[in-house]
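K.L.:
Below are the chains, spelled out letter by letter.
There are 8 protein chains.
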Amino acid sequence: MSPEEYVPDLPRAARIGFGEAVYCAGKSVAQIAAILDEASGRDASLLLTRLDETRFAALAERHRAGLDYDAVSRTAFAGPPRPLAGATRVAVVTAGTSDIPVAREAVRTLRFEGLAADEIADVGVAGLWRLLARVEELRSRAVVIVAAGMDAALPSVLGGLVPGLVIAVPTSVGYGVAEGGRAALAAALASCAPGVVVVNIDNGYGAACAAIRALGGRPVS
Amino acid sequence: MSPEEYVPDLPRAARIGFGEAVYCAGKSVAQIAAILDEASGRDASLLLTRLDETRFAALAERHRAGLDYDAVSRTAFAGPPRPLAGATRVAVVTAGTSDIPVAREAVRTLRFEGLAADEIADVGVAGLWRLLARVEELRSRAVVIVAAGMDAALPSVLGGLVPGLVIAVPTSVGYGVAEGGRAALAAALASCAPGVVVVNIDNGYGAACAAIRALGGRPVS
Amino acid sequence: MSPEEYVPDLPRAARIGFGEAVYCAGKSVAQIAAILDEASGRDASLLLTRLDETRFAALAERHRAGLDYDAVSRTAFAGPPRPLAGATRVAVVTAGTSDIPVAREAVRTLRFEGLAADEIADVGVAGLWRLLARVEELRSRAVVIVAAGMDAALPSVLGGLVPGLVIAVPTSVGYGVAEGGRAALAAALASCAPGVVVVNIDNGYGAACAAIRALGGRPVS
Amino acid sequence: MSPEEYVPDLPRAARIGFGEAVYCAGKSVAQIAAILDEASGRDASLLLTRLDETRFAALAERHRAGLDYDAVSRTAFAGPPRPLAGATRVAVVTAGTSDIPVAREAVRTLRFEGLAADEIADVGVAGLWRLLARVEELRSRAVVIVAAGMDAALPSVLGGLVPGLVIAVPTSVGYGVAEGGRAALAAALASCAPGVVVVNIDNGYGAACAAIRALGGRPVS
Amino acid sequence: MSPEEYVPDLPRAARIGFGEAVYCAGKSVAQIAAILDEASGRDASLLLTRLDETRFAALAERHRAGLDYDAVSRTAFAGPPRPLAGATRVAVVTAGTSDIPVAREAVRTLRFEGLAADEIADVGVAGLWRLLARVEELRSRAVVIVAAGMDAALPSVLGGLVPGLVIAVPTSVGYGVAEGGRAALAAALASCAPGVVVVNIDNGYGAACAAIRALGGRPVS
Amino acid sequence: MSPEEYVPDLPRAARIGFGEAVYCAGKSVAQIAAILDEASGRDASLLLTRLDETRFAALAERHRAGLDYDAVSRTAFAGPPRPLAGATRVAVVTAGTSDIPVAREAVRTLRFEGLAADEIADVGVAGLWRLLARVEELRSRAVVIVAAGMDAALPSVLGGLVPGLVIAVPTSVGYGVAEGGRAALAAALASCAPGVVVVNIDNGYGAACAAIRALGGRPVS
Amino acid sequence: MSPEEYVPDLPRAARIGFGEAVYCAGKSVAQIAAILDEASGRDASLLLTRLDETRFAALAERHRAGLDYDAVSRTAFAGPPRPLAGATRVAVVTAGTSDIPVAREAVRTLRFEGLAADEIADVGVAGLWRLLARVEELRSRAVVIVAAGMDAALPSVLGGLVPGLVIAVPTSVGYGVAEGGRAALAAALASCAPGVVVVNIDNGYGAACAAIRALGGRPVS
Amino acid sequence: MSPEEYVPDLPRAARIGFGEAVYCAGKSVAQIAAILDEASGRDASLLLTRLDETRFAALAERHRAGLDYDAVSRTAFAGPPRPLAGATRVAVVTAGTSDIPVAREAVRTLRFEGLAADEIADVGVAGLWRLLARVEELRSRAVVIVAAGMDAALPSVLGGLVPGLVIAVPTSVGYGVAEGGRAALAAALASCAPGVVVVNIDNGYGAACAAIRALGGRPVS
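Those protein sequence lines, which keep their order, are chains A, B, C, D, E, F, G and H.
For the record, in the first sequence the residue sitting at position 1 is 1 according to my numbering, with numbers rising by one throughout.
For the record, in the second sequence the residue sitting at position 147 is 147 according to my numbering, with numbers rising by one throughout.
For the record, in the third sequence the residue sitting at position 116 is 116 according to my numbering, with numbers rising by one throughout.
For the record, in the fourth sequence the residue sitting at position 53 is 53 according to my numbering, with numbers rising by one throughout.
For the record, in the fifth sequence the residue sitting at position 112 is 112 according to my numbering, with numbers rising by one throughout.
For the record, in the sixth sequence the residue sitting at position 74 is 74 according to my numbering, with numbers rising by one throughout.
For the record, in the seventh sequence the residue sitting at position 82 is 82 according to my numbering, with numbers rising by one throughout.
For the record, in the eighth sequence the residue sitting at position 88 is 88 according to my numbering, with numbers rising by one throughout.
Calculated directly from the structure, the hints in this document are not laboratory data.
Among the hints, a few may not be true.
[Claimed, not checked] Just some of the chain B residues that point at chain C, by a computed CB distance under 8 angstroms:
1. Gly66
2. Gly181
3. Asn200
4. Ile201
5. Asp202
6. Asn203
C-beta atoms are modelled at their ideal positions from N, C-alpha and C, and glycine is treated no differently.
I would like the entire structure built from these sequences, with the hints used as guidance.
P.N.:
Written as structure tokens, this is what we have:
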């Protein structure tokens with residue numbers, strides 16, 4: 001792919017309310033550099049997802065300097081994110097520490113779009129008391145994103161405790177039957193709690209976009 | 001199971017905002033009758049789902065008389081639904097006519113909880129112009145529930161056109177690779193449109209519950 | 001199969017500590033009758049599993065009269081079960097009412113072998129408070145059998161709360177991704193709670209046998 | 001495998017109308033070199049597919065010099081392709097930029113056999129207006145090859161808009177349920193548009209061969 | 001679904017070149033009757049597919065009288081098919097006699113659209129000489145549709161022998177690993193013959209539509 | 001993840017009877033080092049699992065010096081294990097030599113918790129006489145853990161020979177249908193011996209925890 | 001299918017050494033009757049497989065009278081089988097009584113072709129001593145066919161004990177992970193005993209044909 | 001694993017008629033060296049399988065010198081193979097050149113046991129005439145081993161042409177649905193030719209062992 005083949009999806013913000021995002025998995029360093037240059041020429045802000053540290057490090061210094069990079073979530077902001085606006089209405093919860101990268105991708109996507117979010121880690125159901133200690137806080141959120149792998153029991157438990165929209169993000173953490181996140185995905189879809197919704201495995205970005213849709217769009221700056 | 005084993009989930013409305021619902025698949029006519037009697041004694045309204053015509057017809061006349069039954073969606077209201085309140089904020093869309101029973105289950109669940117919804121049938125992507133004729137209307141809804149089987153391309157197309165929350169309900173319509181809804185489920189989860197969320201195959205009830213969560217709970221009557 | 005082909009597994013009790021059991025699924029009424037006659041001639045007690053009501057009703061009156069039949073679990077005792085002995089050391093828990101037939105098969109198997117068990121129904125995680133109300137009781141049991149379908153979150157939650165052996169029995173309850181119990185099976189195997197063990201889908205009989213093994217064998221009468 | 005084990009499939013062109021093609025995945029550099037020498041001795045043209053850059057770079061200079069190599073599609077022509085003949089009757093369309101390598105393999109195969117083809121990139125259904133802008137052009141083509149991964153909604157949409165043969169090539173782009181292309185494959189096979197046909201995942205070569213079959217064979221030079 | 005919900009897809013013929021077709025699986029007798037009445041009022045011809053004998057027999061005499069019904073393929077013509085035009089350019093081949101219903105659906109669909117087709121039964125590869133006796137005939141066809149279940153070896157063998165477009169229709173014939181047609185589908189997609197294309201399992205209708213697309217549309221009457 | 005995000009699961013021992021364990025797969029060397037420092041500050045003993053040799057070697061000398069590391073099982077003790085107490089009540093058996101790493105993880109976990117266990121290698125059913133030579137010894141154990149890949153026939157054979165609790169650990173050894181351990185898992189769950197229980201593929205740690213639960217908790221030191 | 005479409009596979013015996021066989025699953029009573037009439041006109045013997053009792057009973061009296069029918073295996077001989085010749089060289093073994101129908105299909109196929117076979121029932125590995133009592137006898141057979149469902153451990157155990165060809169026939173007996181025979185199939189293919197071969201699930205006919213191939217063809221009468 | 005844990009399977013030859021074989025996948029160089037030393041001390045011959053070139057090259061010179069290594073099949077003989085005896089009764093056939101490593105493993109195993117075999121490469125069904133040219137030769141063999149990946153149509157075609165035992169070895173060659181050999185495995189098991197038997201994917205060793213079993217054991221030297 002020559003760089004000029006990149007066609008920015010300009011009217012997306014107008015239509016469905018999101019900023020520009022670039023999914024970097026499978027893209028070469030040269031392709032990413034070209035995309036950054038193109039956006040820079042337009043003064044556009046970009047969210048880069050799935051940008052691992054190796055490829056980030058391989059970018060030229062001038063490109064790296066322009067990025068707000070977060071290694072845990074493998075995301076970068078090119079150009080300023082939208083200003084934060086309004087109260088915190090979203091919480092992002094993880095069952096285990098291994099789920100944090102996926103949760104952080106959701107938090108960073110929300111931040112890019114101008115929304116603050118709480119991140120509450122390691123409240124999986126095998127340690128129920130840690131979860132129960134946070135329930136009141138979670139009950140006050142309009143949207144609760146839950147990143148959980150393995151048996152993904154957490155979305156079901158939360159779905160029975162909080163009134164807000166529960167968005168489950170199955171994660172690919174684990175081995176054996178949990179490998180690749182299929183067990184977590186099936187468990188989340190089969191949740192016995194009414195009204196839990198699900199996105200693709202490891203799709204923290206998608207969960208954040210869904211939260212924004214549910215909240216009526218990103219804040220007007 | 002003796003009838004007295006049925007334990008109504010009374011505090012659910014207080015906690016997460018839904019009325020009582022009874023999933024009738026796998027329950028005998030005697031069990032359903034006992035549940036109806038129990039609820040009647042409490043003056044409680046119930047939503048019955050997956051109540052097929054055969055079992056409905058096998059209920060005693062006095063039970064049938066107390067039900068508002070809809071054969072297409074296999075749902076019944078026992079006792080009055082909540083009064084309708086507020087403007088219509090949800091649309092329920094189907095790709096093909098075979099998806100209507102699932103869509104109708106969502107519409108009926110919303111109605112039971114006091115929410116009106118549009119039902120827009122047969123706007124699958126193989127007939128794109130029928131869909132495009134309704135886009136402006138759909139863009140005005142806070143939530144769009146999409147029931148689609150086979151290739152489930154409709155949630156992706158809608159996800160790129162409307163700003164509201166798009167909830168995909170894969171349906172078990174079809175044969176070959178589509179049998180049981182697995183192809184539709186995978187396609188919905190893999191949607192290239194950002195922020196599409198998914199519930200279990202044929203789970204119109206769950207999609208409606210998710211819509212209510214996204215709207216901040218059912219209307220206060 | 002001619003009836004004489006049935007070869008009772010006589011030395012099993014001596015070797016691994018269980019009474020005789022006959023799995024009736026796929027056996028004709030004539031075959032079951034022949035097995036009953038053969039056992040009767042030996043004065044042996046039999047546990048019959050998966051004996052549905054249709055085939056039970058089709059047995060001759062003299063056969064039915066000799067059976068202690070339970071329709072919910074589809075089990076029958078032919079001949080006296082072993083006398084109850086010792087304190088109750090096993091609890092059998094279900095997530096939903098639909099899981100009761102599988103749980104009851106475990107309870108009945110334990111009873112046939114001379115062990116009492118508590119049956120605690122409908123304490124699924126979507127209604128967490130009902131479960132928490134029983135935790136102290138469950139913590140006192142050496143073995144907790146958990147029958148759960150759909151997302152099978154209950155074994156994980158219990159595995160984090162009780163010190164005894166937690167035996168998960170996934171059930172085939174549900175539809176879509178939950179159909180046939182595969183989602184529940186995967187979730188139970190992927191449990192984030194340490195030391196949860198699993199048997200085949202719907203295998204209440206096997207769970208009870210495992211409990212007896214864990215307790216050091218059935219009581220000596 | 002010693003090089004002499006390669007047996008060129010000489011009569012294939014006479015029988016079913018394609019030039020010689022060598023699938024290089026899994027072949028060593030030495031094996032590829034031997035094949036090139038053998039073909040060179042016969043003055044035959046070869047199409048090499050799945051020749052990644054690493055192995056291309058490892059070929060001897062004299063071999064590389066004789067190849068028209070394209071890194072995006074991982075294809076090479078050894079010897080001249082057939083002369084272009086006739087009007088452009090095939091379009092090759094991609095849903096996203098990640099699908100371009102597969103699409104390019106189809107374009108290169110067509111070119112090797114003497115057929116020109118349009119390549120239209122990044123017209124996936126999440127950006128419907130980009131697709132609609134090209135529909136009239138696509139309606140004039142006898143064959144439209146569609147490379148699409150993830151939810152593969154594009155073949156269905158196109159199948160409802162154009163009268164020519166629509167050949168879907170699912171691609172292995174994506175993660176989670178989309179990993180390896182299975183979701184895209186199932187969606188393409190379950191397409192609700194009548195008469196969409198499908199080839200194996202990532203099989204751009206096969207799609208081009210099918211196009212040539214549908215057009216009545218490669219042009220006579 | 002009330003009958004008036006049926007919205008005929010009138011512009012389809014103009015757009016992509018097929019007559020109206022109604023997929024009857026899952027539709028009730030009343031729904032089919034309403035569709036027939038509606039089409040009759042428009043003087044439109046319909047192709048009905050997946051109309052099994054039981055539901056056909058349950059239609060009113062006046063409806064049955066207006067149908068040209070074929071029990072093997074479970075298809076019916078309501079109203080006259082298009083007149084036959086042109087030479088026979090399509091052959092429909094089956095591997096075994098069990099594949100005939102699927103093949104016949106393709107033949108009937110072609111006939112409805114005005115195309116004649118040969119039907120060549122039971123030339124599976126386990127009896128290779130029967131196939132070889134027909135190869136010259138098959139080599140003269142522009143399109144060869146191959147209905148094959150089990151191991152679906154026939155499309156591969158034919159793909160190496162004939163120059164026309166080979167459309168494989170996997171069938172759900174068989175048991176064990178062949179059950180439901182998944183083995184046949186995988187084998188057809190993995191065909192070692194270049195340019196074989198595939199449609200969904202048992203989709204004889206889709207194969208015929210693809211043939212019409214490949215032939216440049218149905219004949220102009 | 002910053003190191004301070006590690007929240008030790010302190011009350012676990014009190015609740016369900018296990019020491020602290022850290023699953024190292026997917027954790028960086030820096031994260032493991034931080035966890036070790038934190039535990040060292042608390043004078044706590046840790047069991048580290050899935051710590052491969054590469055990451056062990058990359059730890060600082062001071063960290064390595066404090067670890068009792070076993071390369072075969074990829075486990076380490078940080079701090080002293082519980083003192084051994086009581087007679088040997090558990091045997092850990094492997095079908096083949098490739099299953100030894102998983103079996104050793106179980107043995108090491110038991111040792112960390114203060115329980116001795118026999119390890120009996122390479123008694124798979126294809127060499128039945130080697131197994132039969134050990135049966136009497138195995139019959140005397142309260143728990144027999146069986147690590148077996150491929151066809152996993154060993155748990156079934158043992159389940160018919162010994163009265164203790166048989167815990168099957170399917171291993172991911174093998175290729176083709178055995179790849180990843182799915183065949184072994186299915187075989188273990190479908191065991192024809194009554195009361196065999198199963199944990200996730202390669203989960204030697206979980207099997208040991210289940211053994212401890214079955215034995216009534218780890219020994220009181 | 002009209003009856004005349006049945007084309008007997010006459011030269012098969014000459015080519016690969018089997019008599020004519022008709023797979024009756026999916027064939028109507030009328031089709032089977034026509035086949036019987038056609039074969040009768042040629043004085044040919046037929047083996048009918050998968051002919052269930054319902055369809056057998058629905059045949060005309062004159063057809064039933066000409067058949068040697070066995071209800072357990074669902075097979076019938078139309079016309080005399082080949083005369084028995086030579087010593088018994090094949091044993092057919094079942095793991096459980098539920099596997100007998102599949103084993104009997106193999107025995108009957110062998111008998112039709114003129115070979116005697118022992119049938120040894122219910123020697124599954126959970127009752128190892130019953131198997132060991134028959135090992136010497138089994139070691140003397142050139143071919144041992146093993147019908148086994150569930151965990152299919154028996155082929156592995158026998159493969160380690162006998163020198164002859166072990167042909168595993170997985171059976172569809174069982175529930176949960178064993179449902180449909182997939183677990184048994186995987187276990188048989190993954191057998192740790194060298195040289196065990198496998199046929200499709202429930203394919204007793206195929207196992208018998210393979211035995212005849214291995215023995216150098218059916219006996220010359 | 002310490003080297004002394006290797007327990008040679010000495011009585012195997014006496015029992016089931018094969019020499020000692022060591023599966024090297026997953027074994028370290030040190031483990032393989034220890035096994036070679038142990039066998040050398042016993043003057044035993046070993047067949048090593050799945051010994052890739054990297055680990056072969058890493059063995060000490062003295063070990064390499066004692067091995068007859070073949071890189072294509074990744075096999076080695078340590079010590080002399082059995083002397084060749086008798087006429088050639090086995091043919092090993094491959095569908096494509098990529099299947100040769102698996103076929104060669106079978107040929108080498110046979111050679112180790114004292115049996116000669118023909119190796120016939122690249123006669124896949126897409127080039128049917130190459131296969132037909134060899135049929136008479138293949139009809140004279142008692143056993144025909146067929147290594148085939150992708151659609152694995154070759155075993156079915158051969159099963160209809162030759163009277164000997166046809167042993168299919170699916171290979172893991174290919175991509176998309178063919179990846180890992182699952183499509184080939186399913187096709188081979190579903191073969192429409194009677195009496196084709198199957199071994200695990202890529203299991204050339206097992207196919208050779210089955211051939212030896214079918215031939216009545218390895219030749220007596």
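K.L.:
Against the structure shown, which of the earlier numbered hints fail to hold, in ascending order?
P.N.:
1
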